[in-house]
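S.K.: If you follow the hints, you should be able to join the two separate chains into one complex; please do so.
If you're matching them up, the sequences are chains V and Y in order.
Throughout, the working numbering is defined as the position within the first sequence, counted from one, plus 30.
Throughout, the working numbering is defined as the position within the second sequence, counted from one, plus 32.
Mixed in with the good hints there might be a few duds.
[Said to hold, decoys possible] Pairs of lysine-lysine, DSS-like flavour, derived with a Cα cap of 27 Å:
hint: 1; chain 1: V; residue 1: K363; chain 2: V; residue 2: K103
hint: 2; chain 1: V; residue 1: K241; chain 2: Y; residue 2: K83
hint: 3; chain 1: V; residue 1: K103; chain 2: V; residue 2: K301
hint: 4; chain 1: V; residue 1: K260; chain 2: Y; residue 2: K83
hint: 5; chain 1: V; residue 1: K281; chain 2: Y; residue 2: K82
hint: 6; chain 1: V; residue 1: K104; chain 2: V; residue 2: K363
hint: 7; chain 1: V; residue 1: K150; chain 2: Y; residue 2: K82
hint: 8; chain 1: V; residue 1: K105; chain 2: V; residue 2: K150
hint: 9; chain 1: V; residue 1: K104; chain 2: V; residue 2: K299
hint: 10; chain 1: V; residue 1: K105; chain 2: V; residue 2: K299
hint: 11; chain 1: V; residue 1: K178; chain 2: V; residue 2: K192
hint: 12; chain 1: V; residue 1: K301; chain 2: V; residue 2: K74
hint: 13; chain 1: V; residue 1: K260; chain 2: V; residue 2: K281
hint: 14; chain 1: Y; residue 1: K77; chain 2: V; residue 2: K103
hint: 15; chain 1: V; residue 1: K79; chain 2: V; residue 2: K301
hint: 16; chain 1: V; residue 1: K105; chain 2: V; residue 2: K281
hint: 17; chain 1: V; residue 1: K71; chain 2: V; residue 2: K150
hint: 18; chain 1: V; residue 1: K150; chain 2: Y; residue 2: K83
hint: 19; chain 1: V; residue 1: K241; chain 2: V; residue 2: K103
hint: 20; chain 1: V; residue 1: K105; chain 2: V; residue 2: K301
hint: 21; chain 1: V; residue 1: K192; chain 2: V; residue 2: K301
hint: 22; chain 1: V; residue 1: K150; chain 2: Y; residue 2: K80
hint: 23; chain 1: Y; residue 1: K83; chain 2: V; residue 2: K104
hint: 24; chain 1: V; residue 1: K363; chain 2: V; residue 2: K105
I should point out that these hints are in silico values taken from the structure, not numbers from a laboratory.
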Amino acid sequence: MKSFKTFILERRKQNPLAPQWTKSASEHIFSGGIRLPLGTKMIKRVLGKLPRMTVFHVTNRAFLDDMIKLQGKKKSISAATGFDSSVINSGINVSGGLVFELDADVLISAPRDIMSRPDKTGRRWVDLDDLLPIRGSLAGENMKLHQKIKADSAKLLLAIMKKHAGSVGINNDPDSIIVNWSKSAGLAAGSPIWVENIIQSGAPHEEMSEKEIGTLYQTIVREYIDAMEKVIRINSTSIRDAFFNHALSVKGTTLGGAPWDELVVNNTKIKSILIDKTSTMRSFNFDITNQGFVDDDEIEPRYNAWLADLDRRRIPYQVFSNHRQVAAAVMQKRNK
Amino acid sequence: MGIFDTTAIVDIIAKSIDDLGTNQANAIIEGFERAAHILADRLEKIEKEKK
Numbered sequence: 031m032k033s034f035k036t037f038i039l040e041r042r043k044q045n046p047l048a049p050q051w052t053k054s055a056s057e058h059i060f061s062g063g064i065r066l067p068l069g070t071k072m073i074k075r076v077l078g079k080l081p082r083m084t085v086f087h088v089t090n091r092a093f094l095d096d097m098i099k100l101q102g103k104k105k106s107i108s109a110a111t112g113f114d115s116s117v118i119n120s121g122i123n124v125s126g127g128l129v130f131e132l133d134a135d136v137l138i139s140a141p142r143d144i145m146s147r148p149d150k151t152g153r154r155w156v157d158l159d160d161l162l163p164i165r166g167s168l169a170g171e172n173m174k175l176h177q178k179i180k181a182d183s184a185k186l187l188l189a190i191m192k193k194h195a196g197s198v199g200i201n202n203d204p205d206s207i208i209v210n211w212s213k214s215a216g217l218a219a220g221s222p223i224w225v226e227n228i229i230q231s232g233a234p235h236e237e238m239s240e241k242e243i244g245t246l247y248q249t250i251v252r253e254y255i256d257a258m259e260k261v262i263r264i265n266s267t268s269i270r271d272a273f274f275n276h277a278l279s280v281k282g283t284t285l286g287g288a289p290w291d292e293l294v295v296n297n298t299k300i301k302s303i304l305i306d307k308t309s310t311m312r313s314f315n316f317d318i319t320n321q322g323f324v325d326d327d328e329i330e331p332r333y334n335a336w337l338a339d340l341d342r343r344r345i346p347y348q349v350f351s352n353h354r355q356v357a358a359a360v361m362q363k364r365n366k
Numbered sequence: 033m034g035i036f037d038t039t040a041i042v043d044i045i046a047k048s049i050d051d052l053g054t055n056q057a058n059a060i061i062e063g064f065e066r067a068a069h070i071l072a073d074r075l076e077k078i079e080k081e082k083k
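For reference, chain Y alone in the conformation it holds in the complex (with noise of 0.2 Å):
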């Protein structure tokens, strides 16, 4: 599974997450992927710069 134990970390988070509603579920996802542009955007951006 990589360096991320998933398992683990769910078992910790579970309880607080069974309230989420779909919104809620479709707003992680969505917040998730992007921050996760931005980040790739900034290393894109700091690649260009060197050039």
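For reference, chain V alone in the conformation it holds in the complex (with noise of 0.2 Å):
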């Protein structure tokens, strides 16, 4: 049975810069019904304006350098305007302890957490089931809505098959849609739609080649990235809606009993750091780079020498002496 340090110890080996939900691009396209992307061109060549505002991200002292290296990119993180004070020290994805303050532009923003999930590409992804409900229940218009994009989405889908394959029978069976597409591309040998022979093993055709499969399977993902944008571009005042009415109306509000509610934004600046001291005190217990646990009277000067490298390298942070304290004052600055 291992110690409690073994395991201790064998976390936090693991590495702890691969985000949350970090998956492959396919994986997220294809995972249970309609997903739309969050590129950062594709959401202002089609919604326009970024709103551009202060967020607070909640992480921990090993992720500085990389908050840092992140100011001005593309890439996306997701954050918050405001936290309930025990998500301060025990954090979202990572353990907490610091909040960063940043102004931010936003690619999407909702009053909770609505799953946003990047790609080891750097782009998000959100659900149309996530998304719409955060513009009330999804009942009435927004179910209408819902539905619009669920139909316009299948057009695009169906448009992509019809492509690959000549013609594509439609029915209430996605079985048959798939037998479908993969018959009505003839099966002659080298023909770019091959599914039926996956499906049915030993069926009397020849597999396509692995070249094939890979530029078929290329093709349809970036096919289905443009189709989502074209989906967004039909419904683009709804979605724009959707993507920033709470970023545009957060200012006087409550959390409404979320713990934090969540914008995806990029091209950061890091304003502030608003530190918890007794969480990020204790994080000075274990030392990453020697993978040992530290002595009890080592961990303070350790802490002060860390605060001293901040001033050094004039990263503006405040410190506050526990998690309450600092979910006060992100609120605070909410309401601004």
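M.R.: So, in structure tokens, the structure goes:
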């Protein structure tokens, strides 16, 4: 049985830099329903100028340099305008202790966590089913919009299938659609679609080569992303409202019971770091470089040396004695 | 818009898709997704066989 210390050591040796939810683009796209990409260029192209505002990102001192390097970059991160105090020290995807106050461009905003997820290229995705309820309940006009976006998406996906297969019979059965898609391709050697043969192993058809499958797969991923841009463009007024309404109306409001709201942002500029002294100092009980625990009397000097390094690097910061004070300061700034 | 001229294709197929119901739209979305998974799984299998 592992000792607690061994368990902690092993946990800390894991790569802390990979954001939670990082998956390949294909897993994001083809994973239950419609997913919308949140690429910066695309969002700007379709929805126009992005709102720029003050937001907050909870993380810990291990990510200080990453946050500094991220400034001005297109890569997006998840941020908020307020937090329940427990989030300040526990963190969201990694442990907390530091809250970065940022000026940033907003790609999407919502009064609650909408589980936006980055793929390996850094592009974030949001589920249609998570997006639309942020405008209220998924009923009435919201439900109509939800169905319209699905119908618009289905048209474009059908267009992609037709492009590759020529014609596709449509009914209410996904399996039939897959088979029709492959059948319509003619099942000739070298056909770009050979899905049926893959489903029904042993079918008397030549299989697609690895190159053909790879090319087809990459093509439909690209086409899916283009199709979703088209869907956002077609519904731009409603989607702009869904993406930005929270960001534009957040001042003077409360979290309404949510532990945090969510804003996906990029092009960040660090205004200040709000430091929860208690949890940040506690993090100095472990030496990441030497993978070992630190004696109690060394913790505070190490913490003070770290603060001195922030001073030396002219990184603005404010120290608060605990997570509750940090959360209160964030809410004050939110409503300024 | 990449290599895929969605505008032209949507124009071409719009008439035939006008009558699609919600169930059909859902089936197309799910069918497309599952076909893509089949291709992805096949690619992964080929990669594993190589190794």
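S.K.: For which of the previously enumerated hints does the structure constitute a violation, in increasing order of number?
M.R.: The structure conflicts with hints 4, 5, 13, 14, 19, 21 and 23, although it agrees with all the remaining ones.
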